[in-house]
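Peer 1: Protein sequence lines correspond, in order, to chains A and B.
For the first sequence, position 41 (counting from the first letter as 1) is numbered 41 according to my numbering, and the numbering increases by one without interruption.
For the second sequence, position 58 (counting from the first letter as 1) is numbered 1058 according to my numbering, and the numbering increases by one without interruption.
Among the hints, a few may not be true.
[Claimed, not checked] Here are the computed lysine-lysine pairs in the DSSO-like style, where the Cα-Cα straight-line distance is at most 27 Å:
1. A:K219 with B:K1160
2. B:K1160 with A:K25
3. A:K380 with A:K392
4. B:K1160 with B:K1189
5. A:K137 with A:K126
6. A:K350 with A:K75
7. A:K75 with B:K1160
8. A:K237 with A:K164
9. A:K392 with A:K362
10. B:K1147 with A:K25
11. A:K126 with A:K164
12. A:K237 with A:K188
13. B:K1147 with B:K1167
14. A:K350 with A:K395
15. A:K380 with A:K237
16. A:K188 with A:K164
17. A:K126 with A:K25
18. B:K1150 with B:K1189
19. B:K1147 with A:K75
20. A:K362 with B:K1189
21. B:K1167 with A:K380
22. A:K75 with B:K1167
23. A:K362 with A:K350
24. A:K104 with A:K237
[Claimed, not checked] Partner residues are not named here, just some residues of chain A that face chain B (Cβ under 10 Å, in silico):
25. D16
26. L31
27. R38
28. L44
29. I50
30. L58
31. K104
32. L106
33. A110
34. V187
[What the hints assert, rightly or not] To give an idea of the interface, some chain A residues facing chain B are shown, with a C-beta separation under 8 Å as derived from the structure:
35. E28
36. E32
37. P35
38. W51
39. T55
40. S59
Simulated from the structure, these hints should not be mistaken for laboratory data.
Don't be surprised by glycine CBs; every beta carbon is placed ideally from N, CA and C.
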Amino acid sequence: MNERTCHEPYIESLLDENCPRALQKDLEQHLENCPECRQRLFDLAADDYIWAEATSMLSTVGDIRLSAESAQKIKDTTSFLVSRLDTDPELPDHSAPVGYDWTKILDPPAHPEAVGRIDQFEMESKLGQGGMGIVLKGFDRELNRAVAIKILAPHLAANGTARKRFAREAQAAAAVVHPNVTRIYSVKQSPQRPYIVMELGPTESLQNLVDEHGPLDVKNVIRIGLQIASGLSAAHKIGLIHRDIKPGNILVEKDVSRVMITDFGLARAVDDVGMTQTGWLTGTPNYMSPEQARGEELDTRSDLFSLGSLLYFLATGREPFRGEKTYAVIQNIIHEHPVDPRSLNSEVPKYLADLIQKLLEKDPGHRFEDANHLSNVLEKYLAYLEQPGQMKPPKRIVSSRTKQKQWIAAGIASFVLASTASWLLLFKQPIQPTENPDQLSTKTESKFPTEAVSILENPVEEPEKSILELNSISNEYQFDDFGYFRELGEIKSRMKTLESQLLAPNQNIQGPGFDNHLPTMPNLESSDAIRSLDEKGLNSDNKLRIKKFD
Amino acid sequence: MSDPLKTRNSLILRLRNTDDAAAWQEFLEIYHPLIFRLARKCGLQEADALDTTQEVLTRIAKAVNRWEPGEEKGSFRGWLGRITRNLVIDFMRSKKRIPLTGNESSIGKMIESNPVIDETDQVYQLEQQKQIFLWAAESIENTFQPKSWKAFWMTTVEQKTIDDVSKELNMTRGAIYVARSRVMAKLKKQVQRHLNLERSLPLENSHE
């Protein structure tokens, strides 16, 4: 061999991933027989000690193992933090304390009962204080009306970007004129104390309301949801995303007759590394959408998700996504599905639960199309709840999760219907099953294999009871026409009759009233059956009950 | 008031800089798991370690907000690395003792036998180095065919013989030599790139 004298000139090109294939093949073969070239390649890649370092660094990593769960948590939060920075690169200094003495930023009042003054506004009292600033009740001497005034906190006001953003978002929000959105009258861009003059709305928030009184009743949840949806719709139409829909940002009249959305877009103005304001690391991000939690770009459907969480909270008194630590909350928002609100409050009707579920879809494309569509749905539902006798029940809401369950449900149900139908068709012609058992089994098996046979082998014990139960289902679901379920019950009872006739040889199967009462189930194909069941709102729950009868 | 536009927050400009945004991402990718692993090394259970990690990150984030470029020498990366090191080491020292597990490299043993060297600092450095390698490996892995990657991993990290790996992966020995060297060259570059950006580094290489 030529170990000592090998001067293969192309070894270095092997490290280039674009090395020509043929050359690489040749060199690979050469390497197998030439230790000298092997060593050269080894050295070219990295010095000896770096190879050794790689070995020890990469292999001893196992000494502290992250559980898959923790690794995932860290990954998720890392990408969250990273993307927050990318999308919101303007970072105001948020380190100043929140509890500053706000009276110092006011001028002496002109009116003896006022606590201070800015321009023509006499300040009367404090309405609220948060990380962003302070909200005061004021009186506009020029226009002679009471207003709410939000003054940006001094440490934020000192920050040019935060100040500009505050003004920009407020100006955008000022374009929204809607009874359910706090009206913004004007924006003052003074560098020392920029402030917004707003309509003086109710002073209670939904958070206070639920904290004090617990979950709201269904109609109020729907009324409030409807108002928020229609307010959002007005804002979304001009491209404004709220970004921070949560109970604390919805003001409500004492009698719950009217709610108002506040702080449109303002969350963005003080987004601190994307952390403080949205709740990461310091507060609770419970109402964030998954796309927000991942730090992705948002569209208006993000607000719909937050509204879903809010409705869930109103209906149950609990946030849908909880966790002791922010890590857990973010995880849950991104990966988990909340427990059925009906398990927390049995008074929540299935319709509302489905509606909330649909708002809480992880994929924005699976939520309601837009806030306007949602408000139409809520409006119809509210009308139905208020006049159940006169209004048609709303169409069932299908979310991807209910779909999944329903698919299974509809499958089984269609089976019951279709197999029964085929039996009825079969018996409509006066055949003599006892004399022709082969025909029977082949006919059923051709369309509905073994299960059809087994259903018929285990007929309904007490058809009347089944019908009663089906009726009660129909009541529970508030469907006024529940004909299909009744028909199903009748079919089953007919089956019972048929069966007894089957068991009694030689007896003619034309039972009493058989022809007259035959339900209309023309040529049911299983897909038709599924559709018809879907339309009638048959879902997994009543499906299971039906199955019980089999 | 003096010119309000000049007050504070040159930071805003700085982080608009995509380079610094990239630095922040890289920082989190490396240091987030690192802080967690160090917390575990201090004897914390997973849940507590996650809390601690969150705490430390919060403090880092706050510090980032206070940072004025120009006041500090060096890059944003370097600065981040330093404040993190100080914060974490403070935290580790506040724990009574750092249990060094048995399978440490020679550095770990050296620390135990040499009380003069600051144990905490050494542990930090070791873990940091490991995490940088791990991050580098992770970040380049998907630029290779899985087979090439395995050829590197099995021969270099798991230290299996070329013949065994050849059989296991159904690759020629020559192909394994080439694959592992390509991975190594890229890994080295990635580690160096990070270290050079963060500080001047022990891994100088004559072939670059």
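Peer 1: Next, verify each hint and record whether it holds.
Peer 2: How the hints compare with the structure:
1. Between A:K219 and B:K1160 the alpha-carbon distance is near 69 Å, which puts this suggested pair outside the 27 Å criterion.
2. In summary, the hint linking B:K1160 to A:K25 is supported, as the alpha carbons are separated by about 23 Å, within the 27 Å threshold.
3. Taking the CA atoms of A:K380 and A:K392, the gap is near 9 Å; set against the 27 Å cutoff, the hint holds.
4. Distance hint between B:K1160 and B:K1189 is fulfilled; the C-alpha atoms sit about 24 Å from each other, no more than 27 Å.
5. Taking the CA atoms of A:K137 and A:K126, the gap is near 6 Å; set against the 27 Å cutoff, the hint holds.
6. For the hint pairing A:K350 with A:K75, the CA-to-CA distance comes to about 36 Å; that exceeds 27 Å, so the pair is violated.
7. Among the hinted pairs, A:K75 with B:K1160 is inconsistent with the structure: their alpha-carbon atoms are about 31 Å apart, more than 27 Å.
8. Restraint check: the Cα-Cα separation between A:K237 and A:K164 comes to about 23 Å, which is no more than 27 Å; the hinted pair holds.
9. Only pairs whose Cα atoms come within 27 Å are accepted, and A:K392 paired with A:K362 is rejected, the gap being roughly 30 Å.
10. Taking the CA atoms of B:K1147 and A:K25, the gap is near 16 Å; set against the 27 Å cutoff, the hint holds.
11. Straight-line distance between C-alpha atoms of A:K126 and A:K164 comes to about 24 Å, which keeps the hinted pair within the 27 Å bound.
12. Between the alpha carbons of A:K237 and A:K188 the distance comes to roughly 25 Å, so the proposed pair stays at or under 27 Å and holds.
13. For the hint linking B:K1147 to B:K1167, the alpha-carbon distance of about 12 Å falls within 27 Å, and the restraint holds.
14. The suggested pairing of A:K350 with A:K395 holds, with an alpha-carbon distance near 12 Å, which does not exceed 27 Å.
15. For the suggested pair A:K380 and A:K237, the alpha carbons sit about 21 Å apart, so the restraint of at most 27 Å is met.
16. Distance hint between A:K188 and A:K164 is fulfilled; the C-alpha atoms sit about 11 Å from each other, no more than 27 Å.
17. Between A:K126 and A:K25 the alpha-carbon distance is near 80 Å, which puts this suggested pair outside the 27 Å criterion.
18. Taking the CA atoms of B:K1150 and B:K1189, the gap is about 19 Å. The hint holds against a cut of 27 Å.
19. At most 27 Å may separate the alpha-carbon atoms for a hinted pair to count; B:K1147 and A:K75 meet this at roughly 25 Å.
20. Distance hint between A:K362 and B:K1189 is unfulfilled; the C-alpha atoms sit about 39 Å from each other, more than 27 Å.
21. With a C-alpha separation of about 69 Å, the suggested pairing of B:K1167 with A:K380 is violated against the 27 Å cut-off.
22. Taking the CA atoms of A:K75 and B:K1167, the gap is about 35 Å. The hint is violated against a cut of 27 Å.
23. A hinted pair counts as satisfied when its Cα atoms are at most 27 Å apart, and A:K362 with A:K350 qualifies at roughly 20 Å.
24. The hinted pair formed by A:K104 and A:K237 fails the criterion: a straight-line CA distance of about 40 Å is larger than 27 Å.
25. About 9 Å separates the beta-carbon of A:D16 from the nearest beta-carbon of chain B, less than 10 Å, and the hint is met.
26. Interface restraint check for A:L31: the shortest CB-CB distance to chain B comes to about 5 Å, inside 10 Å, so the restraint holds.
27. Among the interface hints, the one on A:R38 holds; its C-beta lies about 6 Å from the nearest C-beta in chain B, closer than the 10 Å criterion.
28. With a cut of 10 Å, the hint placing A:L44 at the interface with chain B holds, because the nearest CB-to-CB distance is about 6 Å.
29. Of the supplied interface hints, the one on A:I50 holds, with its beta-carbon coming within about 6 Å of a beta-carbon of chain B, less than 10 Å.
30. This hint holds: A:L58 has a C-beta 5 Å from the nearest C-beta of chain B, less than the 10 Å allowed.
31. Annotation: A:K104 was flagged as interfacial toward chain B, and the flag is violated, the nearest CB pair being 15 Å apart, outside 10 Å.
32. Look at A:L106: its Cβ only gets to about 17 Å from chain B, farther than 10 Å, so that hint breaks.
33. The beta carbon of A:A110 is not positioned within 10 Å of any beta carbon in chain B (closest approach about 24 Å), and the interface hint is therefore violated.
34. Restraint check, A:V187 versus chain B: the minimum CB separation of about 17 Å is more than 10 Å; hint violated.
35. Taking 8 Å as the C-beta contact cut-off toward chain B, the hint placing A:E28 at the interface holds, the least distance being around 3 Å.
36. Interface restraint check for A:E32: the shortest CB-CB distance to chain B comes to about 5 Å, inside 8 Å, so the restraint holds.
37. Restraint check, A:P35 versus chain B: the minimum CB separation of about 11 Å is more than 8 Å; hint violated.
38. Taking 8 Å as the C-beta cut-off, the interface hint given for A:W51 holds, the closest approach to chain B being about 6 Å.
39. With a least beta-carbon distance of about 6 Å to chain B, the hint placing A:T55 at the interface is held under the 8 Å criterion.
40. Against a cut-off of 8 Å between C-beta atoms, the interface hint on A:S59 holds, since the closest Cβ of chain B lies about 5 Å away.
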